[in-house]
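Colleague: Spelled out from the first residue to the last, the chains are:
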Amino acid sequence: MTATIKLGKLAEFLGATLCGSKEKEITGLATLQEAGPAQLSFLANPQYRKYLVGSQAAAVLLKAVDADGFAGATLVVADPYLAYARVSHLFDPKPKAARGIHPSAVIADDAQVDLTVSIGAFTVIESSARISAGVTVGAHCFIGARCEIGVDGWLAPRVTLYHDVRIGERVVIQSGAVIGGEGFGFANYKGIWHKIAQVGGVLIGDDVEIGVNTAVDRGALADTVIGNGVKIDNQIQIAHNVQIGDHTAMAACVGISGSTRIGKHCMLAGGVGLVGHIDICDNVFITGMTMVTHSITEPGTYSSGTAMQTAAEWRKSAARLRKIDSMARRLRQVEKRVEDVTPSGNASSEG
Amino acid sequence: MTATIKLGKLAEFLGATLCGSKEKEITGLATLQEAGPAQLSFLANPQYRKYLVGSQAAAVLLKAVDADGFAGATLVVADPYLAYARVSHLFDPKPKAARGIHPSAVIADDAQVDLTVSIGAFTVIESSARISAGVTVGAHCFIGARCEIGVDGWLAPRVTLYHDVRIGERVVIQSGAVIGGEGFGFANYKGIWHKIAQVGGVLIGDDVEIGVNTAVDRGALADTVIGNGVKIDNQIQIAHNVQIGDHTAMAACVGISGSTRIGKHCMLAGGVGLVGHIDICDNVFITGMTMVTHSITEPGTYSSGTAMQTAAEWRKSAARLRKIDSMARRLRQVEKRVEDVTPSGNASSEG
Amino acid sequence: MTATIKLGKLAEFLGATLCGSKEKEITGLATLQEAGPAQLSFLANPQYRKYLVGSQAAAVLLKAVDADGFAGATLVVADPYLAYARVSHLFDPKPKAARGIHPSAVIADDAQVDLTVSIGAFTVIESSARISAGVTVGAHCFIGARCEIGVDGWLAPRVTLYHDVRIGERVVIQSGAVIGGEGFGFANYKGIWHKIAQVGGVLIGDDVEIGVNTAVDRGALADTVIGNGVKIDNQIQIAHNVQIGDHTAMAACVGISGSTRIGKHCMLAGGVGLVGHIDICDNVFITGMTMVTHSITEPGTYSSGTAMQTAAEWRKSAARLRKIDSMARRLRQVEKRVEDVTPSGNASSEG
Chain A
27 MTATIKLGKL AEFLGATLCG SKEKEITGLA TLQEAGPAQL SFLANPQYRK YLVGSQAAAV
87 LLKAVDADGF AGATLVVADP YLAYARVSHL FDPKPKAARG IHPSAVIADD AQVDLTVSIG
147 AFTVIESSAR ISAGVTVGAH CFIGARCEIG VDGWLAPRVT LYHDVRIGER VVIQSGAVIG
207 GEGFGFANYK GIWHKIAQVG GVLIGDDVEI GVNTAVDRGA LADTVIGNGV KIDNQIQIAH
267 NVQIGDHTAM AACVGISGST RIGKHCMLAG GVGLVGHIDI CDNVFITGMT MVTHSITEPG
327 TYSSGTAMQT AAEWRKSAAR LRKIDSMARR LRQVEKRVED VTPSGNASSE G
Chain B
27 MTATIKLGKL AEFLGATLCG SKEKEITGLA TLQEAGPAQL SFLANPQYRK YLVGSQAAAV
87 LLKAVDADGF AGATLVVADP YLAYARVSHL FDPKPKAARG IHPSAVIADD AQVDLTVSIG
147 AFTVIESSAR ISAGVTVGAH CFIGARCEIG VDGWLAPRVT LYHDVRIGER VVIQSGAVIG
207 GEGFGFANYK GIWHKIAQVG GVLIGDDVEI GVNTAVDRGA LADTVIGNGV KIDNQIQIAH
267 NVQIGDHTAM AACVGISGST RIGKHCMLAG GVGLVGHIDI CDNVFITGMT MVTHSITEPG
327 TYSSGTAMQT AAEWRKSAAR LRKIDSMARR LRQVEKRVED VTPSGNASSE G
Chain C
27 MTATIKLGKL AEFLGATLCG SKEKEITGLA TLQEAGPAQL SFLANPQYRK YLVGSQAAAV
87 LLKAVDADGF AGATLVVADP YLAYARVSHL FDPKPKAARG IHPSAVIADD AQVDLTVSIG
147 AFTVIESSAR ISAGVTVGAH CFIGARCEIG VDGWLAPRVT LYHDVRIGER VVIQSGAVIG
207 GEGFGFANYK GIWHKIAQVG GVLIGDDVEI GVNTAVDRGA LADTVIGNGV KIDNQIQIAH
267 NVQIGDHTAM AACVGISGST RIGKHCMLAG GVGLVGHIDI CDNVFITGMT MVTHSITEPG
327 TYSSGTAMQT AAEWRKSAAR LRKIDSMARR LRQVEKRVED VTPSGNASSE G
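If you're matching them up, the sequences are chains A, B and C in order. Going by my numbering, the first residue of the first sequence is number 27, and it counts up by one from there. Going by my numbering, the first residue of the second sequence is number 27, and it counts up by one from there. Going by my numbering, the first residue of the third sequence is number 27, and it counts up by one from there.
Okay, chain A solo, but in the shape it has when bound (with noise of 0.2 Å):
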């Protein structure tokens, strides 16, 4: 269950320069502050240069520039959170499925699956679905008919894809997902809301993952469409026929409503909203629980919401917010008042 790597194997594997011993052995990643003296550290964040010089680590990933800070053996590579990165998947305790179709598992007959799959117990695959090479379905998964999960996909246990939802390469989806559920579509006639049928299915690009308990609804008409390398967080909702670009992130808690379409490179922080049809351009940053109740068409980062107060002093706050309307214009007024009995050269004396 624990990986034991030389150092030497690591620096080969990274392309790093060795300063230390090439036989030393690895067991395992920790924090500056928490390896023992057979584990490797990293130094990403120069916050936490400060614990270096005291590290148990057996080794620290670090750039050229820290590389003296550290008595023990180095390293030294250009990004250290990327090496960190790559090198975290040596030392993963998840164990590897085996290869093979558990027998429990319920699969069509015309459902296509590569003789190199993993796919787990009681799981079930319907009608015409297609599973590439190199794929993991987890343990009490369902895969609906006319689904594709391109090669090297892994699923956790318990994931459910409906019907008609296709995934790109190398996509990773999390324990109690759900991929192509029936959006909220309605009409409401006289009062009464009568369901529209969700005839669209969802796209999902390569390199993607899908968090824990996360929901990505089909498209209404059209596709829903999830883009490369898109990272989706946990308890995440996004509705029907949103359009998501390549390379965006999200954390958990976000929500995204029906039609909306988010550019590439963005981030949205945890528990944002956005409400639907609108449009966020690429490059664009929005901090934790903001609310977006309309498009944005400029790169930056974007913030609502009030900063935390005590409650006795919030309580304050909000009573006074509610009045605001009112004050705004009562300050309007004392500014005409004292504009009418001082001369208007005082105004600029202010700046």
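Quick caveat, the hints were computed from the structure, so don't treat them as lab data. Please note that the accuracy of each hint is not assured.
Claimed, not checked - DSS-like cross-link-like pairs, simulated, lysine-lysine; straight-line CA separation at most 27 Å:
| no. | chain 1 | residue 1 | chain 2 | residue 2 |
| --- | --- | --- | --- | --- |
| 1 | B | Lys-89 | B | Lys-50 |
| 2 | A | Lys-349 | B | Lys-362 |
| 3 | A | Lys-342 | B | Lys-342 |
| 4 | C | Lys-120 | B | Lys-221 |
| 5 | B | Lys-362 | A | Lys-216 |
| 6 | C | Lys-120 | C | Lys-35 |
| 7 | A | Lys-32 | A | Lys-89 |
| 8 | A | Lys-89 | A | Lys-35 |
| 9 | C | Lys-32 | C | Lys-122 |
| 10 | B | Lys-349 | C | Lys-35 |
| 11 | A | Lys-122 | C | Lys-221 |
| 12 | C | Lys-120 | A | Lys-89 |
| 13 | A | Lys-221 | B | Lys-122 |
What the hints assert, rightly or not - Residues from chain A that face chain B, not an exhaustive set, calculated with beta carbons under 10 Å:
| no. | residue |
| --- | --- |
| 14 | Arg-172 |
| 15 | Arg-184 |
| 16 | Gly-217 |
| 17 | Thr-327 |
Glycine included, every Cβ here is placed at the ideal spot set by N, Cα and C.
We have chain A already, so just place chains B and C on it with the hints.
Modeller: For chains B and C alone, coordinates are given in the frame of chain A:
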């Protein structure tokens, strides 16, 4: 997987006035902009009228007043959006579950399961549950003891009903929804939380829809109650003993705290949160991400939250807002001082 | 499914002083308003004292001071709400799982499963997992490699534990919860996100409860840690390496970002969001939907957000709030101008 239906049949089904060939074959639905020459489209929102003239659609559902705007075939109806909702089901590629009980399903001896149902693979139905005629229960569902599902219900794969959940007719429940979970009931005694058994159930009316990964907790003592025609989107939390009136709809990520009652024909937009033990009257609309901390007794539209700004502007606003109470006091003071030195007649010069 | 217990037995179980017949049979629990003549009720909150005199309850749990207010049988206890919590379990209609392993379960040869457990249908238990005495694992659960579940744990149907999740004694986990999912760890290199393996696990204390569809991610390096007695409601997101102190409770829809530490005996109301890498000290209460962007070092109650208004008023408030920085500057300016033209003595006339 795709239906082909003649235009004449569609006109008949809808009671629409057809202007065009009865024999034209329709294979699907699309928006005015995206429809191809074998697809039906619709014009419901006047905003999209501009796309009518150039649409490639085989035919368009529209109102009489718009019929002249399209050169191709038209189906004139009173309510094009409702008509679209109705025909959408004819073109739905969703696989129809085969009647019967999958041999892998585990069904209690004393469960009453109608002969016309469809029960998916690996589904568990517990003691004394009752599944009515025409019900579809997808794979991996769990139907607890004494649950009842009314006629023509449709449960997606992987829906969990704890024991004593009673569901009306034609109810749709999407994947990952959990109905009847044990609500958050604890008595705090000297800093330690003691669990309170949740002995109530859940009662769900007819024609309800419940979205992906939504949770509806069972009652602590009496039942949690969802009225007829209620539509509940994805990722929603409905706590114990909530009551929701008929034909109310709520979009994704809403959270409703315990014992809160919501009236009929309300609409809650995405991300709205309600505290517990409050009453919302009928015909209330609450905009997205609003924080509802007290009862609402008048129909109307309600909101909270702040508008999005650039992060730089927002930081200034948020800092100022923290001091709004002091601003209000300073404004009052300056008003008084101005009052003291200017003739009172000026006070009315503003407006 | 419904218990019948004599009042004398209940008094004995609770150590309560019974005023009334020991032989009276109680068949369930209800509120003062709804209780029928065979049901037990309780008076804990003084607000409900008004319902006492007219209650049809067979008997009421109450404090000595309230005993005179009810003509029927009373069970006098020091803490009626705690007493209600304790007796609630006696009347819980929740089916008790039969001891044994369902024949459909798939259990690794080297898993250690105590003989006194109950394992539901279609549950998967992976290599080297350890299930202690008295544990119930519902149907459709997945227990990953090397997981440990302490004595008397109760997992609802459809709970997923990834590998290396260690759970203390008497822990309750509701349906749809996912423990040990791979947190949101990516290194960005030239605009592309590179996945970081999440090599830590999850460590959960004793007497913890985890709600429906809640996600607790595994640690990136070290473990994510949930203390003893922590109560976590539905639809919650707990990111990698979060640490939660003993006896803290959080209501539904809370989101906690990575590496944030929360103290003991805290309470987070519904929809609260916390950024990552902050510390919340012991005994902090955070009101609903608050956005927590920095550490809290003093016990107390904290809030953010704006009060709900009608949408018409809210639009005005929101527009004004966007300009609050300019308002503050204008206020300062008018104060200065007034200062310039009025005797400074006036300044103290206000307060």
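Colleague: Does each hint fit the structure? Answer for all of them.
Modeller: Against the structure, the hints come out as follows:
Proposed proximity of Lys-89 (chain B) and Lys-50 (chain B) is supported: the alpha carbons are some 20 Å apart, at most 27 Å. With a CA separation close to 18 Å, the supplied pair Lys-349 (chain A) and Lys-362 (chain B) stays within the 27 Å bound. This hinted pair checks out: Lys-342 (chain A) and Lys-342 (chain B) have alpha carbons roughly 19 Å apart, not beyond 27 Å. Distance check on the hinted pair: Lys-120 (chain C) and Lys-221 (chain B) sit about 14 Å apart at the alpha-carbon level, within 27 Å; holds.
Between Lys-362 (chain B) and Lys-216 (chain A), the direct Cα distance comes to roughly 55 Å. Violation of the 27 Å bound is thereby established for this hinted pair. Note on Lys-120 (chain C) and Lys-35 (chain C): the hinted pairing holds, with a Cα-Cα distance of about 21 Å set against a maximum of 27 Å. A C-alpha spacing of about 20 Å is found between Lys-32 (chain A) and Lys-89 (chain A), which places the hinted pair at or below 27 Å, so the restraint holds. Proximity of Lys-89 (chain A) to Lys-35 (chain A) is assessed by CA-CA distance (about 19 Å); at most 27 Å being required, the pair is judged to hold.
With a C-alpha separation of about 21 Å, the suggested pairing of Lys-32 (chain C) with Lys-122 (chain C) holds against the 27 Å cut-off. Among the hinted pairs, Lys-349 (chain B) with Lys-35 (chain C) is inconsistent with the structure: their alpha-carbon atoms are about 59 Å apart, more than 27 Å. Distance restraint check for Lys-122 (chain A) and Lys-221 (chain C): the Cα-Cα separation of roughly 17 Å lies within the 27 Å cut-off, and the hinted pair is therefore satisfied. Of the pairs offered as hints, the one joining Lys-120 (chain C) and Lys-89 (chain A) is violated, with about 59 Å between alpha carbons and a cut-off of 27 Å exceeded.
Of the supplied pair hints, the one linking Lys-221 (chain A) and Lys-122 (chain B) holds, its CA atoms being roughly 17 Å apart against a limit of 27 Å. For Arg-172 (chain A), the interface hint holds, since its Cβ comes within 10 Å of a Cβ in chain B; the closest pair sits about 7 Å apart. The beta carbon of Arg-184 (chain A) comes within 7 Å of a beta carbon in chain B, closer than 10 Å, and the hint placing it at the interface holds. Interface hint at Gly-217 (chain A): satisfied, since its Cβ lies 6 Å from the closest Cβ of chain B, which is below the 10 Å cut-off.
A cut of 10 Å between beta carbons decides the hint on Thr-327 (chain A): the least distance to chain B is about 4 Å, and the hint holds.
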